[in-house]
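K.L.:
Line by line, the protein sequences are chains W and R. Per our numbering, numbering through the first sequence is continuous, rising by one, with the last residue being 611. Per our numbering, numbering through the second sequence is continuous, rising by one, with the last residue being 613.
Since the hints were derived computationally from the structure, they do not count as laboratory data. Since the structure is predicted, the reported quantities are computational estimates derived from the model, not experimental observations. Honestly, I wouldn't trust all of these hints.
To be verified - Pairs of lysine to aspartate or glutamate, DMTMM-like flavour, derived with a Cα cap of 25 Å: (1) W:K24 / R:E11; (2) R:K21 / W:E235; (3) R:K21 / W:E233; (4) R:K118 / R:E11.
Said to hold, decoys possible - Restraint ranges, calculated between C-beta atoms of paired labels, are given here: (5) W:M321 / R:E11: 45 to 55 Å; (6) W:A128 / R:D491: 20 to 30 Å; (7) R:R575 / W:Q363: 48 to 58 Å; (8) R:K352 / W:S491: 37 to 47 Å.
Every residue, glycine too, gets a C-beta built ideally from N, C-alpha and C.
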Amino acid sequence: MKKTKEKNSLPFFGIPKMMPLIIKYRKDLAVVIVTTIIFGLMEITYPVLQRYALNRFVEGGTLEGMGLFILAYIAAIAGMAISGYINTRVCMATELRMNTTMRNEAMAHLQKLSFDYYNTNSVGYIHARVMSDTGHIGETLTWNLNDGIFFTMTVVGSIAVMLAIDPKLTAMILVIVPVISVFYALFQGKLFELNRQVREINSRITGQFNEGITGAKTIKSLVVEDRIFEDFESETRAIFNKSMEAARLRGVFRAVTGMAASAALAIVLWQGGLIAKEEIGTFSLFMTYARDLMEPVSMIVESLALFIVGKVNIGRYTALMESVPNVRDSEAVEEKYGDCFDPKKENWEELKGDIEFDHVDFQYPDGDELVLEDFSLKIPFGTNVAIVGETGAGKSTLVNLVCRFYEPTRGRVLIDGRDARERSQLWLHSGLGYVLQTPHLFSGTIRDNLLYGKPGATDEEIYAALEKVSAVPVVEKLEKGLDTDVGEGGSLLSTGEKQLISFARAILADPRLLVLDEATASVDTMTEQTIQAAIDKVIKGRTSIVIAHRLSTIRNADIILVVKDGKIVEQGSHDDLLAAKGYYSRLWQRQYEDEATSRLWSENQEKTAGN
Amino acid sequence: MKDEKRQKRKENFRLLWTFLKGSKRWFIFGVIASSLVSLADMVSPQIIRAAIDNALGGLEPDLPGWAVALADRFGGFEYLGEHLWIMAAALALIAVIRNGAQYLVGVLNNRGAETLVKTMRDSLFSHIERLPYAWHMKNHTGDLIQRCTSDVESVRRFVSMQLSNVIRIVILIVLSIWFMVRMDLRLTLVGVSMIPVILGFTVSFGRKMHAGFEHCDEVEGQVSALVQENLTGVRVVRAFARERWERDRFIEKDNYYCGLWVEMGKTMTRFFSIQDILSALQVMLVIVFGCAFCVNGTMTSGDLIAFISYNSMLAWPIRRLGRMLIEMSKADVSLARIAYIMNEPEEPASEKALKPAMNGDIVFDHVSFAYEGSSETLHDISFDVEAGSTLGILGGTGSGKSTLMLLLDKMYLLPEGSGRITVGGTDIKDIDTEYLRSNISMVLQEPFLFSRTIADNIAISSRAITIDRVREASRAASLDESVREFSKGYDTFVGERGVTLSGGQKQRTAIARALVSPAPIMIFDDSLSAVDTETDAKIRGELEKRFGSSTTILISHRLTTLSKCDKIIVLDSGRVAEQGTPDELRTSGGIYQKIFEIQSGAAGPEEAAGEEA
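One chain only, chain W, in its complex shape (with noise of 0.2 Å):
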């Protein structure tokens, strides 16, 4: 959808977007500019003393002055090695640093971008941008530009040298490089784009392998693996043929390169041969620039096909940075409480955990109703509220909406009486704490998950918060405590252990507003009545707003919001709900089947266990 769209509207190949980066690496541009001609130069050399010794040694029938011409190609090939050895070194390191810089800056864009950003494009799209399409434009301002400079100068320099000493023939030569140039020029183009469907097709095949493996129970009880292969078999052959067209395309490629590079030898006999029978050298000087010359012309054409490819990587890259969020803090509010990456602190005051929603409008952004009409609720602090509804009514908006991170179409939320933009993102989110439903832990130890909540945080203070939510015992149970490896994405502990440590993260900062999305993963029986124990502690105290899916949070709840569809159709306590007889009624009575069931069958599991 939105990725194609940039893609042809950049002038000069989308460049001038990258020039503060170019800027910023000017120097070590420039040194890889001016040693790639030195190398070129040294390069054309060869011949150019290769001429010399022939005609001088062998035309001549002596040996005298070869102490010299050794020194001077002695002295070539150390211009070559030492600008070749710099060039390389400083073209791959520009490369390196470009794409580091790109990187960096696209990671520290990404965390100033709301959520509309998240929710419109996916992990795998933005992880591509900045992992991939940053090398690509790296790649391209480096190497394509050191290459395309290269092979200007030897295509140049070699028809400089051979117009000196044979116009006539070096024109005779020269008629074969627009003809070969225009013929690049027509078929590069097709050839990238069938390397672009070759890809394609390769993503595809991935997905079918993804599909084929976890649909593997689907597959085998409807019994359709034959259509399923069939399916994949047609893929595999079209990018069969796919290739074949882009084998086939590149087999011409590389025959009329080489038939053009005949094509000038056999100009340099026919038309040069008589040169040999004098400069012997000479001669030879042309068959190599004759035979070498064609190769160079080719890739010019594809640099530049590559600074036209760059040009969509660049579109990309540039499209992500320029996005602007849509939550974002006032100058008036930057200016005093700082952004988030260097918030002023000392301004900060105090969050007493008051929320108030006055009139307020709501509508995401990528959706088309109100979900929120003219809403007004006072959350004074110490108030515990609930939320509840089934499995995507759109329970999360007004945790979405207390957190800033989305705000109001129409109408203000209150944070301690004042409109939540008067201050900055980061004063709110620091004095808040989240728990997830699906718990989210990052690669690192323990502590490392758990100073999350509070840096610099002391032992102690990480054993009172673990205490608190009762999840000393899994701590302690690890060999290695605290500086137990979690793995990626928590991988290496079980579901409830990552929700009591999501916990405690949350609780370590001592948060005035609580804000929690309960798990309704399955978790064993006694996991989930301490991680039940747990949230009934955490919110005494504290501002609290819980999508609730247990019955006891829901029960003692001082507010209660019954969200369907999307929007809010029943508001109250419990009592006053439940005498009204309305959908939250029903929901109350289905969960509380539900869960009295399953009590029982566990209940009754156990005394079987017990037996």
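Chain R: place on chain W using the hints.
P.N.:
Chain R in isolation, oriented as in the chain W frame:
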């Protein structure tokens, strides 16, 4: 130990050999064509040499007899010297042959490579589809995909770029040395003296770099994982106000990664420069010695020119040869990873492959079952389902109800002596597996939808199903209305960005999939759990209407779903705790009755809440 390793290696290459079926010949033709290219490359300098020495220089030709005869047919060397275009045309003719062959090399070699990749992919895919379900449960999807993609790719590279290129380069080297030796042994020795130096240098250097590359790859993985983690954890990052920390952490790692490569770059650049110097010295030596030989009259100028051509032809291939020798070792690992999949035996076919009528009674007869490596899940289960009747199974999480159905569908095979399952009196182990499965329609709690259109998903079991039948089934599954709301209707792609089906919609799609091709045995494994109560009732009504004649098994934890079953079994920790009609069970005093009391509101939630507090 070493023998074992060699044995493994041998097996891996035997597997490669079977993959190469169908592509071998293309590679062989490719090598033949490339020999032709090399040969043509050898001949052109000879034409130029003959032009310089014999046609123009008037020297006595030391060419093979046939070449002299050929020259004589065109009027002799003297005539050719005056009509150089003939020799130029010969050069052009050789070029046409050479480049024609060059084109063939590209096409043939690619044809081989693509055929090989296709064979590997197709065999892997179809093999994976036919591996037993138990194997699928044991392996991680990500890991398997890696084997099917990157490992396939590295085997392809090994065969098409390394193996066949090595053969080509060796042919080229041998040919040019042969031609060079025929002209002048001394200068040949000078020219080739550098080859072992360059080759040895490349290989030893490559070995040294190998560990560095691996480390870089590893760190790159970490950088990439960091991005992934930051993006997926964006809510946590924001909510904990850790933007700065996240940024700094990434920058630190990323800069470390960059530094690693810059260091690697320094070493690599040194290596490239030394290689350049060695190659240039090789050329210089040939020129210097060549000139000396010419001056003292032991070599002609034409010989020297030809020599310089051969020498420059060798420079690149030798550099590449070194690199290829290093990379060849990697393919072994990839082959072993692919063999891990290919060596696994496929699902065994039933010995008797019977295809009896499937509308008979289903009988579970003293069935016990344990998953590999765990304790017994099912203990001595016996019950029967009368043909055409509806059975309800009630049980808690982990009671073994889904396992029962997996056994009936032969996803797991019942070991000898663990009881038997029969349909219409025939033991299912004797029934043809595909036949059995296609006569059992199973709808799962978390249905798997294919990334195709909704219509394709519903009609997946047969291409013959018309869109009208799809709509009809969809209406019966209460799905039609939701689908109409999508802008592309039934052509909506499942999983496309922006269009995500809710849990309930997925379940209803799966039900429509079952409705569209009714089978004699229908199983609904908790397949309406995400659908609200009213729709649940509506769909159940439709099911009853349609599957009057089918034998139906309903699994649920909600009694309303099971209320109309002819018979219910209550499964508790892998045992049948109770069985009977709903009416019987309601008053049996067992667990069913307790659940009934909870779910019918006989025990009010208020009471229970009090109990809890």
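K.L.:
Hints first: check each against the structure and report whether it holds.
P.N.:
Hint-by-hint comparison with the structure:
no. : hint                        : verdict
1   : W:K24 / R:E11               : violated, 55 Å
2   : R:K21 / W:E235              : holds, 20 Å
3   : R:K21 / W:E233              : holds, 17 Å
4   : R:K118 / R:E11              : holds, 21 Å
5   : W:M321 / R:E11: 45 to 55 Å  : holds, 52 Å
6   : W:A128 / R:D491: 20 to 30 Å : holds, 27 Å
7   : R:R575 / W:Q363: 48 to 58 Å : holds, 54 Å
8   : R:K352 / W:S491: 37 to 47 Å : holds, 45 Å
Hint check: a violation occurs at hint 1 only; the rest are consistent with the structure.
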